[in-house]
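Novice: Chains as they are written, first to last, in the working numbering: chain A, 158 to 520; chain B, 158 to 520; chain C, 158 to 520; chain D, 158 to 520.
Quick caveat, the hints were computed from the structure, so don't treat them as lab data. Note that the coordinates shown come from a computational prediction; the quantities given were computed from them, not determined experimentally. There could be a bad hint or two in this list.
Each pair may be met inside one copy or between any two copies, as identical chains are not told apart.
Unchecked claim - BS3-like mimics (lysine-lysine), calculated; alpha carbons at most 30 Å apart, straight line:
| id | residue 1 | residue 2 |
| --- | --- | --- |
| 1 | Lys300 | Lys324 |
| 2 | Lys411 | Lys324 |
| 3 | Lys511 | Lys300 |
| 4 | Lys254 | Lys511 |
| 5 | Lys300 | Lys256 |
| 6 | Lys511 | Lys256 |
| 7 | Lys256 | Lys354 |
| 8 | Lys254 | Lys411 |
| 9 | Lys411 | Lys354 |
Each chain is listed here by its residues.
There are 4 protein chains.
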Amino acid sequence: MSGNTFGKLFTVTTFGESHGPALGAIVDGCPPGIEICEADLQIDLDRRRPGTSRHTTQRREPDQVRILSGVFEGRTTGTSIGLLIENTDQRSKDYGKIKDQFRPAHADYTYHHKYGERDYRGGGRSSARETAMRVAAGAIAKKYLATQGVQVRGYLSQLGPIELEVKDWSLVDTNPFFCGDAARLEELEQYMDALRKEGDSVGAKVTVEATGVPVGLGEPVFDRIDAELAHGLMSINAVKGVEIGDGFAVVSQKGTEHRDEMTPQGFLSNHAGGVLGGITSGQTIRASIALKPTSSLRLPGRSIDVNGEAVEVITTGRHDPCVGIRATPIAEAMVALTLMDHLLRHRAQNADVKVETPVLREA
Amino acid sequence: MSGNTFGKLFTVTTFGESHGPALGAIVDGCPPGIEICEADLQIDLDRRRPGTSRHTTQRREPDQVRILSGVFEGRTTGTSIGLLIENTDQRSKDYGKIKDQFRPAHADYTYHHKYGERDYRGGGRSSARETAMRVAAGAIAKKYLATQGVQVRGYLSQLGPIELEVKDWSLVDTNPFFCGDAARLEELEQYMDALRKEGDSVGAKVTVEATGVPVGLGEPVFDRIDAELAHGLMSINAVKGVEIGDGFAVVSQKGTEHRDEMTPQGFLSNHAGGVLGGITSGQTIRASIALKPTSSLRLPGRSIDVNGEAVEVITTGRHDPCVGIRATPIAEAMVALTLMDHLLRHRAQNADVKVETPVLREA
Amino acid sequence: MSGNTFGKLFTVTTFGESHGPALGAIVDGCPPGIEICEADLQIDLDRRRPGTSRHTTQRREPDQVRILSGVFEGRTTGTSIGLLIENTDQRSKDYGKIKDQFRPAHADYTYHHKYGERDYRGGGRSSARETAMRVAAGAIAKKYLATQGVQVRGYLSQLGPIELEVKDWSLVDTNPFFCGDAARLEELEQYMDALRKEGDSVGAKVTVEATGVPVGLGEPVFDRIDAELAHGLMSINAVKGVEIGDGFAVVSQKGTEHRDEMTPQGFLSNHAGGVLGGITSGQTIRASIALKPTSSLRLPGRSIDVNGEAVEVITTGRHDPCVGIRATPIAEAMVALTLMDHLLRHRAQNADVKVETPVLREA
Amino acid sequence: MSGNTFGKLFTVTTFGESHGPALGAIVDGCPPGIEICEADLQIDLDRRRPGTSRHTTQRREPDQVRILSGVFEGRTTGTSIGLLIENTDQRSKDYGKIKDQFRPAHADYTYHHKYGERDYRGGGRSSARETAMRVAAGAIAKKYLATQGVQVRGYLSQLGPIELEVKDWSLVDTNPFFCGDAARLEELEQYMDALRKEGDSVGAKVTVEATGVPVGLGEPVFDRIDAELAHGLMSINAVKGVEIGDGFAVVSQKGTEHRDEMTPQGFLSNHAGGVLGGITSGQTIRASIALKPTSSLRLPGRSIDVNGEAVEVITTGRHDPCVGIRATPIAEAMVALTLMDHLLRHRAQNADVKVETPVLREA
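Given only the sequences and the hints, what does the whole structure look like? Please build it.
Specialist: Shown next as C-alpha cells:
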C-alpha cells in the first residue's frame, strides 16, 4: 500500500493538489446499510472550511462534496465509496519566484528532492487542503460509530501560551477557535489580532476525546490502538507531537499516581487515556496533538532556491496565523477513522468471544 | 496484515509470550548481500537485556538469538530471515490469584475482554519481553543503514524529574541508564535507590537521533515519516507520547522562532527534527518518547477480578522501578526499522529521480 | 486493505457502479517524471469501449477520462493520480422485476446475500463497466513499462470452438475481435451472427504476452509473479481459468519435453511462459484466461427472487454474445499493472544487486 | 508487505531453506478459543511428507512441528502463533558443480539474477520443502473452518495422461497418489514405475473441493474469492494453471449450458464452481491446478553456468518423478487459508447484515 491510503479494513485513499482540478477520496470496506448523504459529510467539511472568520484564510471554496458511488437509495451498499470536491478557486496567478524557491519550514525543499517534479501552486499535494478529504471520509466513520454509541469530539486545548479547558461542549462549535470556555474567547480574539498585526504566527494544541468506545479495539503488538492513533494524528500537516492520556506528563509521575485503579463501580481515574496494553479499555479515549506555527509569514526568512543560491522568502497573501485553529475537525476525523478501522479489525478476529466479566466505565 | 507485523517492504513479524517456549521473528524484504551474523544481533540484545544492573529486573535470560534462514555463508540472500530466542527461564511457578485478577495499569483487563483467552504468566504477549525481537530485527536494519551512512542512537533524556542531556555519546552505553552525562550518574543512582526503597516507580523520557539520513524518506500524505515513526515508537510498551523535533514545545513557539531557515551553507537550526512535510530533510532526525512508570508495584492497588469482584493487587517479585531505563535500544530499533522500510519504499518509486539542487546539512 | 485495491506499491483503487454518476480510480505510487496525458489513457479506453461494432453492446458511452491530480505540466509528480469518467448514459428506466430477481450466473444472488443492500441497475458494482478504470490505470503502467523496454499486448486466442493464432500483430487492433489472423475473420463474423440469432452466448480465451521483461520480477514464496498474474487476471469479470506458459498442457507433458533448456545463445523453448520459480526469467511472459459465456440471455432461465420464490428470468436489451471479445485490453491492463507493481517491488529490495552472468533471451 | 506473507487478516508468514537449520511460520489473526495442538498439524504434515512410498523421495524428515506461542492450555489466545520444524536431514554434502550451474526449469537462474546471493543447497528457498509450513498453517485454518461447517479436501484428478475421478473419498488418504478410485491404482503404480525406469517425469492435476462454505465470501472487485484462490494455488511450486469450476472448458460452452439455474430447491448444476461475481454462492467450491513435471531429471539437459558457459546438467539422487503426487495437501492448505482469511474479512464488514432470502445448496 502506498502512502495515500489510511486504514487496513476501513480504508481511505485520497488524491488532490491545492490548485488542481479536484480533490477526491475512495472509502473502501464500509459496512453496508448505513444511512448516509452528502449533507452528512458537508457538516464537518463546513466546520473545517477556511474563510469563515477573520482568523482564518479567506479562500472561499464552497467545498461541496459529491458521493459518486457506494451509496444507493440513501444507504451504503458495501462497495467502495467515491467522494469528490471540485476546486473552484483556481484563479490563474503569477507564481513568480515561489516556483523555484523553498519556503522555510515548508515541504517545498523535501518534495523537490524526493520527486524531482513538483506542483508548486499553493503547496500542491503538501497543502493542508488535502485534509478536506480526511474530514469527508471521517464523517462517514463518525456516522457509523454513532450507531455503535461512540462519539468523537475535539477542542482547542492551547493557543500559543493560552491553555484552555472545555467548560461547555456545546460552545465548541459556535466559535472559530473550537474553544469550549466562553470566558476565554475575548482573550483568544485579542491574541490573534495582535499576532496578525505582528506578522507572526503561533502553535496550538488540540485535544480529541472519544466516548462510548467498546473495550477491545487495538491489535498488539505493533498495531496497538495508541500506535495507530499516533500514526493518524501525526500524519496531519504541522503536527509535531502526539499524546495519549497524560502524555508527557507521565515522565515525572509515580506509578501509584499514574495507575488507574479499578473497582466494581468503574475506573477511579483515566491517566491512561482509555488505552491499556494498546487496547481500548472502555474508558474515554483522550489524545492531544501539538501543531507548529504557520510557516507562511510575511516577515522575511532566509532560504535557498533550486540552484542552491541564497534567497529571501516573503509569503504574501493572507494566511491563518495559527493553523491549529482549524485542526479540530481534522483531528476528530483521524481519530474516527482509526477507531472505525479497528472496530472492523477487532470484529473480524474476535466475533466469537464471549466474556462474562462486566465492562467498567469511569466510576 | 495483522497486528504483529511492522513495516510494508522491510517487514518484521513477531511472536512469543513472556513465559512461552520461545520468542521469534521473521524479517522479510531484506536486501541481499548484507554481511550479518548472530553476534551482530546479540550486541543490541545484550544492551536491552534485563538483569545487568541492580536497577533492572533480575530475570537472567541469556537471550541468545539464532538466525534460522535468509543468511547463507555470512550474507543475507534476500529471502525471509527467521530469528529465534528460546526462553530458558520458564520455571514453573504458582501464579495463584494473578490468573484471575487484573493488575491496575496492565493489559490484563483489556486482553481478557478482547480475546477471552489469556496467557497470564508474566503478562503473556503483553509483556515487554516481546521487544527483544524488535531489537534483534532492528539490528539488521541498523547494519544496512550503516552501509548507507545512517546512524541511529538514543539516550535517556529524563528520569522522573531529572532532565538529562548528552554531553558524551561514548558514555551512553557504559552505564545502565543510557545516560550521556557523567556528572549526573550519581544523582540517578540515588534517585533509583530511593524509589526502590519506597516501593514506587517513575516515568522516563528517551530520545533517539538518526544522523546521515538521506533527504526524501517518507510517503505523504498518510505514511509521512513522522507519522510512521510515531506509529513505531508509540507501539512500544508503556509509551504515552511521541515528539518529533521540538514536539510539544512548538505549541508556544512563534513562526519566526520555529522555522528552520536555510542558507547555501546549510540549515540554521533544527526545530523540525529532520522532517518537513512528512519527508526527511537530510537533517538529524530527533524523536522523543514518554514512558509511563512501571505498573507492577508492591504497594497495593484496588482492582477487580474476572468475576467483577473487588480485589487488592500486590505485585511480588522484583521489577524495574522505571521501565524507561531499558527502553533506549528498543526505541532505536523502532526508528531503525522505520527508516529502513522507508528507504526501500522511497527507492522503489523514485529510483529514476535526478535532482541537481545540493543537499543541505546542519550549517 | 480492502478489496477494491490492486497492487502493493503501484496501487490502483477503484470505485463506481454501472449506472451511478461516475467511475473513478486512484493510482498511487507512480514514479514521478513520466510524460502522461488524458489522450494516452483514452487510447486503451477506446479499445475497450462497447458499441464500436455490431458484435458488442450498443451502450454509447464516450468514456472520456479526466486526470484530476498527480500530473503537473504533462508529467507525473509522484503524488496520487485521480482519474474520473462521468457516466453519461444514465437514462432513467423501469427496472421492474430485475430489482428483486437473481439472474442465473450473475452476481445478483451473491451480492444480495453478502451486503444486504444492492444497486441492481445494470449489475451495479458487479458490472464489467468497472473494468474501464483498470484499463485507464493500466495505460499509465504501460506508459512507464514502455520506457523500460517492456511491451504488453494481447489477442483473442479462442472463440467458442474456434482456436486462433496471431499471424500478424498489426491486425489485432483493427478488428472488433482482437484477432490476429486475417484468414479467420470471416469465420468469426459468421459464428457471432449465428450465435446472436440463436439468442445464446459463448465463452472465449484471451492470451497476453509481455516482451522485454527484465529478469528478477516476482516475490516468492507467495507473491510469485505467476501467482500475482493469476490474481489480477482471475479478478476480471467472467474469468474461470488462468494459465502461465503451457498451462494445463503441462499435466500430460514429460519433464524432458517441458523443461526449457538454456545455451549461451538463449533459451531453446518457452514452455514456462517466462517464469521460473515465481520469478521472471527475461523470456516472453505468456498468460491465458478462460472467459465464461455471457450470462445475460434472452432465452429464459429458471431462478428465484428475493423471497425465494421460483421465477423465470429473461434478459432484454442487447448484450455481447461473447464477453470475451472485449476482454483483451482488460487482460493487458492487469498484466501491465502486475508487472509495474513488481518492477517497483523488485527495485526496492534489490537495487544494489550486481550480477555478471549474462541475461538470456529466446535463442 | 513482502512476498513471504499470505492473507490479509488471517496471515501466514514463512521462512526456511531446504537445507537450512529450520523452517518456520507465524500465523497471525487467528481467532481465540480454538482447540489446537501439535498433533492436529502433524496429521496434514504427515500426509505431505516425502519418503512414505516408493513413488516419492526418500528424504526421511520427521517434520515434527512445534507450536511456540499463541496457544495456551490447548486453546488459541488470539496472539500470533509461532510454528517451527527443525531440519534434521542436513547431511553435509559436496554440492560440486550444482553451486554454479542453473538446472533447466529450476529457479536457480532467476534467483541468481534477482538476489545475487543464493543458497544453492537443495534449491534453498525455492525448494518445495517450504510448503511444509503452508500445510501446518493450513491445518489451523481447517480446524477453525470445520467449526463453521466448512470441509476442504482434495484428490489427484490427473496423472500424465491418466484422468481420474473420486469414486470414494475415504480411499483418497489411503494411497500415496491421493487417488479416489480403487480401480485405477494399479494403473497409476505401473505408470509411475515405467516413468522412473525411463528417468523421466510427468505433470499432474489436482482438484480441491470445499463444502459447507457460507455464501458471501470474497471482496470484489480485485480480491474476489476466485482471484485469491488463484493467487494462493498458483503460488505453489510447479503450478502452471488454475481453474475454478469448469475452468477452461467454459471457452467452448454456450451460455445456456454454463449458467447454473436456481430453483427454490437449490442450484441445478455447479459449472461456476461455487463462485458468482467473485463471491461464494454457498455451492461447493471446486478448484483445479496443473502441476508441471518434476524438473530434476537424471537425463542430461543443456544449460549454462554463472559465467554464461554451456554445461550439461544431470540431477543425481532420487526425486519424485511427479511432484504433483504430493501436492494435494498443499493445495488443500492454500484453499483453507484463503477461505479462512475471507471468512474474517467478510465478517469484519458485514457482521450487521440480515438477509431473509434463503441460502440455496445443490438441489
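Novice: Evaluate each hint against the coordinates.
Specialist: Results for each hint:
no., hint, result
1, Lys300 <-> Lys324, "within (25 Å within a copy, 52 Å between copies)"
2, Lys411 <-> Lys324, "both (28 Å within a copy, 27 Å between copies)"
3, Lys511 <-> Lys300, "both (27 Å within a copy, 20 Å between copies)"
4, Lys254 <-> Lys511, "between (64 Å within a copy, 22 Å between copies)"
5, Lys300 <-> Lys256, "between (41 Å within a copy, 27 Å between copies)"
6, Lys511 <-> Lys256, "between (60 Å within a copy, 18 Å between copies)"
7, Lys256 <-> Lys354, "within (27 Å within a copy, 63 Å between copies)"
8, Lys254 <-> Lys411, "between (54 Å within a copy, 25 Å between copies)"
9, Lys411 <-> Lys354, "between (44 Å within a copy, 13 Å between copies)"
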